[in-house]
Amino acid sequence: MRKADLILLFLILLLFVLPLQINPYWLRLLTAFIFLSCLSYSHNLLFHFLGYPAFGGVAFFGFGAYTFSILYNHSTPLLLSLLLGGVSSLILSLLISPILMRLKSHYFAIATLAFQLCLMELAQNLEITGGTKGIAFNLPEYSNLIAFYSFLTLLLTLLMLTLFLDRSRLGLTMKAIREDETTALSVGINAVLYRSIAFMVMAFFLGLTGGVFSFWNAYVDASTLFNPMLSVKTFFILTLSLSLPTYGPLLWSFFFEMLFELLWSKFLMLHGLLLGIAIVLLILFFPRGVVWKRS
Amino acid sequence: MEIVFQLLLDALLLSGFYTVLSVGFSLMWGVTGIINLAYGSFIILGAYLSYMIYMAGFDVLLFLPLIFILGFLLGLFFQALFVNRLMGYEPFTILVLTFGFDVVITNLLNLIFKADIRSISLPFENFSLFIADLILPLNRLLVFFFSLISLFALYTFLRYSWTGRAIRAVSLDPVGAQLCGIKPKRVFMISTGIAIGLALFSGGFYAMLQGFTPFESGWLTIRAFLICVIAGLGSVSGLAFGSFILSLFEVFSGFYLGEDWKDVVSLMLLIAFLTIRPRGLFGIRYHEKG
Amino acid sequence: MEKVLEVVDVKKSYGGNLVLDCVNLSVKRREVVGLLGPNGSGKTTLLNIISGITRQDSGALRFKGIDISGLPPYRRARLGIGRTFQIPRPFWNLTLWENIQIACHHAEKGAEVEELLKRVGLYELRSKKGGELSLAQRKRLELARALALKPSLLLLDEVFAGLNPASIKEIQSLLKELKEEGISILMVEHVLKALFGLVDRVVVLHGGRIVYDGSLEGMAQDQEVRRAYLGERHITFEG
Numbered sequence: 000m001r002k003a004d005l006i007l008l009f010l011i012l013l014l015f016v017l018p019l020q021i022n023p024y025w026l027r028l029l030t031a032f033i034f035l036s037c038l039s040y041s042h043n044l045l046f047h048f049l050g051y052p053a054f055g056g057v058a059f060f061g062f063g064a065y066t067f068s069i070l071y072n073h074s075t076p077l078l079l080s081l082l083l084g085g086v087s088s089l090i091l092s093l094l095i096s097p098i099l100m101r102l103k104s105h106y107f108a109i110a111t112l113a114f115q116l117c118l119m120e121l122a123q124n125l126e127i128t129g130g131t132k133g134i135a136f137n138l139p140e141y142s143n144l145i146a147f148y149s150f151l152t153l154l155l156t157l158l159m160l161t162l163f164l165d166r167s168r169l170g171l172t173m174k175a176i177r178e179d180e181t182t183a184l185s186v187g188i189n190a191v192l193y194r195s196i197a198f199m200v201m202a203f204f205l206g207l208t209g210g211v212f213s214f215w216n217a218y219v220d221a222s223t224l225f226n227p228m229l230s231v232k233t234f235f236i237l238t239l240s241l242s243l244p245t246y247g248p249l250l251w252s253f254f255f256e257m258l259f260e261l262l263w264s265k266f267l268m269l270h271g272l273l274l275g276i277a278i279v280l281l282i283l284f285f286p287r288g289v290v291w292k293r294s
Numbered sequence: 000m001e002i003v004f005q006l007l008l009d010a011l012l013l014s015g016f017y018t019v020l021s022v023g024f025s026l027m028w029g030v031t032g033i034i035n036l037a038y039g040s041f042i043i044l045g046a047y048l049s050y051m052i053y054m055a056g057f058d059v060l061l062f063l064p065l066i067f068i069l070g071f072l073l074g075l076f077f078q079a080l081f082v083n084r085l086m087g088y089e090p091f092t093i094l095v096l097t098f099g100f101d102v103v104i105t106n107l108l109n110l111i112f113k114a115d116i117r118s119i120s121l122p123f124e125n126f127s128l129f130i131a132d133l134i135l136p137l138n139r140l141l142v143f144f145f146s147l148i149s150l151f152a153l154y155t156f157l158r159y160s161w162t163g164r165a166i167r168a169v170s171l172d173p174v175g176a177q178l179c180g181i182k183p184k185r186v187f188m189i190s191t192g193i194a195i196g197l198a199l200f201s202g203g204f205y206a207m208l209q210g211f212t213p214f215e216s217g218w219l220t221i222r223a224f225l226i227c228v229i230a231g232l233g234s235v236s237g238l239a240f241g242s243f244i245l246s247l248f249e250v251f252s253g254f255y256l257g258e259d260w261k262d263v264v265s266l267m268l269l270i271a272f273l274t275i276r277p278r279g280l281f282g283i284r285y286h287e288k289g
Numbered sequence: 000m001e002k003v004l005e006v007v008d009v010k011k012s013y014g015g016n017l018v019l020d021c022v023n024l025s026v027k028r029r030e031v032v033g034l035l036g037p038n039g040s041g042k043t044t045l046l047n048i049i050s051g052i053t054r055q056d057s058g059a060l061r062f063k064g065i066d067i068s069g070l071p072p073y074r075r076a077r078l079g080i081g082r083t084f085q086i087p088r089p090f091w092n093l094t095l096w097e098n099i100q101i102a103c104h105h106a107e108k109g110a111e112v113e114e115l116l117k118r119v120g121l122y123e124l125r126s127k128k129g130g131e132l133s134l135a136q137r138k139r140l141e142l143a144r145a146l147a148l149k150p151s152l153l154l155l156d157e158v159f160a161g162l163n164p165a166s167i168k169e170i171q172s173l174l175k176e177l178k179e180e181g182i183s184i185l186m187v188e189h190v191l192k193a194l195f196g197l198v199d200r201v202v203v204l205h206g207g208r209i210v211y212d213g214s215l216e217g218m219a220q221d222q223e224v225r226r227a228y229l230g231e232r233h234i235t236f237e238g
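Protein chains in written order, with numbering that gives the first Met the number 0: chain U, 0 to 294; chain G, 0 to 289; chain L, 0 to 238.
Be aware that one or more of the hints could be misleading.
Not close to chain L: a few residues of chain U, all C-beta gaps over 10 Å, as computed [what the hints assert, rightly or not]:
id: 1; residue: G50
id: 2; residue: L184
id: 3; residue: L241
Derived CB-CB ranges, DEER-like [what the hints assert, rightly or not]:
id: 4; chain 1: G; residue 1: F214; chain 2: U; residue 2: I98; range: 45 to 51 Å
id: 5; chain 1: G; residue 1: L65; chain 2: L; residue 2: S57; range: 22 to 28 Å
id: 6; chain 1: G; residue 1: L65; chain 2: L; residue 2: N16; range: 45 to 51 Å
id: 7; chain 1: L; residue 1: S57; chain 2: G; residue 2: Q177; range: 53 to 59 Å
id: 8; chain 1: L; residue 1: G130; chain 2: G; residue 2: C179; range: 42 to 48 Å
id: 9; chain 1: U; residue 1: K2; chain 2: L; residue 2: K117; range: 32 to 38 Å
id: 10; chain 1: G; residue 1: L65; chain 2: U; residue 2: L93; range: 50 to 56 Å
id: 11; chain 1: L; residue 1: R118; chain 2: U; residue 2: F163; range: 30 to 36 Å
id: 12; chain 1: L; residue 1: R74; chain 2: G; residue 2: A114; range: 34 to 40 Å
id: 13; chain 1: L; residue 1: G64; chain 2: U; residue 2: R168; range: 51 to 57 Å
Think of the hints as simulated: they come from the structure by calculation, not from any bench.
All residues carry an ideal CB built from backbone N, CA and C; glycine is no exception.
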């Protein structure tokens, strides 16, 4: 374990204790930050390690969220609903993986986005998803705390997975595929298999995240769940984290949520515009991702 | 049975507009290898510009060429100042850039114009031609007519002018073109200029056909992308055919399945083509870049 | 002697261009075969088809008796077909050690990687990244990486191109060692003088067809070959 890991672990453990001390406003903010981190790390499993940007990964987030919502509203226990939310996304990814895995990275990116939008339209039209009205729940007390700890657990798992991959031979193989797939193939690496599995694992975690989000938000509908802005935020953070893929998403999610929380309350209208300008400026000046100074 | 003919006619009229819409996108993609995610927002920008001209009391149709020129200049700047800097990096980088621009332009327009639906009413809008029980709304007919003219102009330009040939040369073989003394960077600038010019230009048509808000850019980009995927890169006539296919699907699914399902069908069409025939039906060159 | 590789009636077109026209070729065990021909005659395409990166339009491929015609490239690599590329492609951001490590499927042990690096003389540079090497070093890395697969067949694409005489000699002796160890080699080459004393036979490809299949020495006298390479001009070899 490196020194940075220990610091990180300490910080996370701190987070476990924090919620009991702070007021609901800060709790909500912290939860939002951890939620965004979960989204980012999940997407990064496929993006950082294999070079495939799933612009429409949120499709699985939404799908898992709906699965959870429908099950939970029909008296399925919380934990089981969450788990099934993740599993259903996993199955969905398994179904579409043969189609999507053949595509090159940028076509893949757009195809997943199309898929996400497609699911959004479907969700708005079907009854089971509540149409445009969505689904609302009655939640027990302390649901905010439960949501916070669930997100935190997810984040911890994702973080450990990311750290593990970064240092293991498995991760090395994946990086080789990302660098040069043809060469990887000619040294006996089954690139499609690795990609498919990463895709499914990403979907699984996104599904779980979706379930927890539903619980936290107490309400889900198509435009919230399949909102392209979620994809924008996620990939904005991942772009910033290009050169620091393991700790980057955590740091940038934090910065992002805090900063935009301040801006949002003061400049509601400018929120989107500033985000767009930030994206353009950042990619112009840091096309390889923002470099961490200590190297 | 009657209704089928009407739907076919609607699709035909719509396809004229769709062709103009996708030609710019296809040009930019085919020459520079860039998939411009901000394309839709440029179209909307053109729509708002036309709207302002309309509100000021001028004849929009007269001003369309000016709008094209404005778009051309915008495109030149866009390519020179922003895109050219990022050409050497991974394709993802430029994708992010254009995506950022889409967000900026959309939100800028939203700030200025708010989210109310706007549209341009042409003086004869409520009139239609009636031919053998088929309805031809006059505004659609007009757009179709002007689309044809502009497409023909573009086609001639690409085919017979020196610049047009330079553009085609670069899209087919950048290295070879350089050996003939053509500067790719300059050609990129011109193609992007033409592409954005066309985007703004088709925005004018868009404003005439229906109401619009700043937030429709995503769908417009997707439609342009979809048509290019269906048609393949490299031929204007292929785009016309691809546009027709898309408009067919849209019109028929809109009628038989309901407006809500229209978009789902289009998206499934996109996914189908991306997986089964990414090269498109008429692709002269399967562009590996960008 | 059994045949390690059999290429049977392979055809390949790109667009309207017939790049390979009914190519038949075989390589025996412990045989080193040179694949020659003017530029554009389809040599690299043939290598790509054998290693599986490109799909042939028709025809069959057999490797050690197994039909590999439809197998994906990674399976062929695992079966024992290793290759190098015309322009070497190391994994730029991975260290040399890692470059070899990921090709080692049979054994996880570091000893294997160490041995391979030492064999090609790159052990001291093992912590350097793939992108930091010189051309000659990259070629050696590619060889080591191909050897990590424990191949029975090596496909080399212009391995001698751009090297100085000393490097050429080193690689020549390495290839001779590999031949002794039972590995077959099919090598595309333009540097003819490096092939003397190394190849058992040569195959010349021209316009997508095999126009000569025999000894290197006999090749210079063959009419077809002369016409393919240089019209009717007389060619001489040094050395």
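Results for each hint:
No beta-carbon of chain L comes within 10 Å of the beta-carbon of G50 of chain U; the shortest separation is about 12 Å. Separation of L184 of chain U from chain L is inadequate, the least Cβ-Cβ distance of about 4 Å not exceeding the 10 Å criterion. Here L241 of chain U stays apart from chain L, with its beta-carbon at least about 13 Å from theirs, past the 10 Å limit. Look at F214 of chain G against I98 of chain U: about 29 Å separates their beta carbons, and that is not inside 45 to 51 Å.
In this structure the hint that L65 of chain G and S57 of chain L lie 22 to 28 Å apart at CB is violated, the actual value being about 57 Å. In this structure the hint that L65 of chain G and N16 of chain L lie 45 to 51 Å apart at CB holds, the actual value being about 47 Å. Checking the proposed 53 to 59 Å range against S57 of chain L and Q177 of chain G shows it is violated: the Cβ atoms sit about 37 Å from each other. Between G130 of chain L and C179 of chain G the beta carbon distance is about 33 Å. The supplied range of 42 to 48 Å is therefore violated.
With their beta carbons about 34 Å apart, K2 of chain U and K117 of chain L fall inside the hinted range of 32 to 38 Å. Range check, L65 of chain G to L93 of chain U: Cβ separation about 54 Å, and the 50 to 56 Å hint holds. One distance hint, 30 to 36 Å for the beta-carbon pair R118 of chain L and F163 of chain U, holds here, with the actual separation near 32 Å. Taking 34 to 40 Å as the suggested C-beta distance range, the pair R74 of chain L and A114 of chain G does not conform, at roughly 55 Å.
Here the CB-CB span from G64 of chain L to R168 of chain U is close to 33 Å, at odds with the stated 51 to 57 Å.
Of the numbered hints given earlier, the model fails hints 2, 4, 5, 7, 8, 12 and 13; all others are met.
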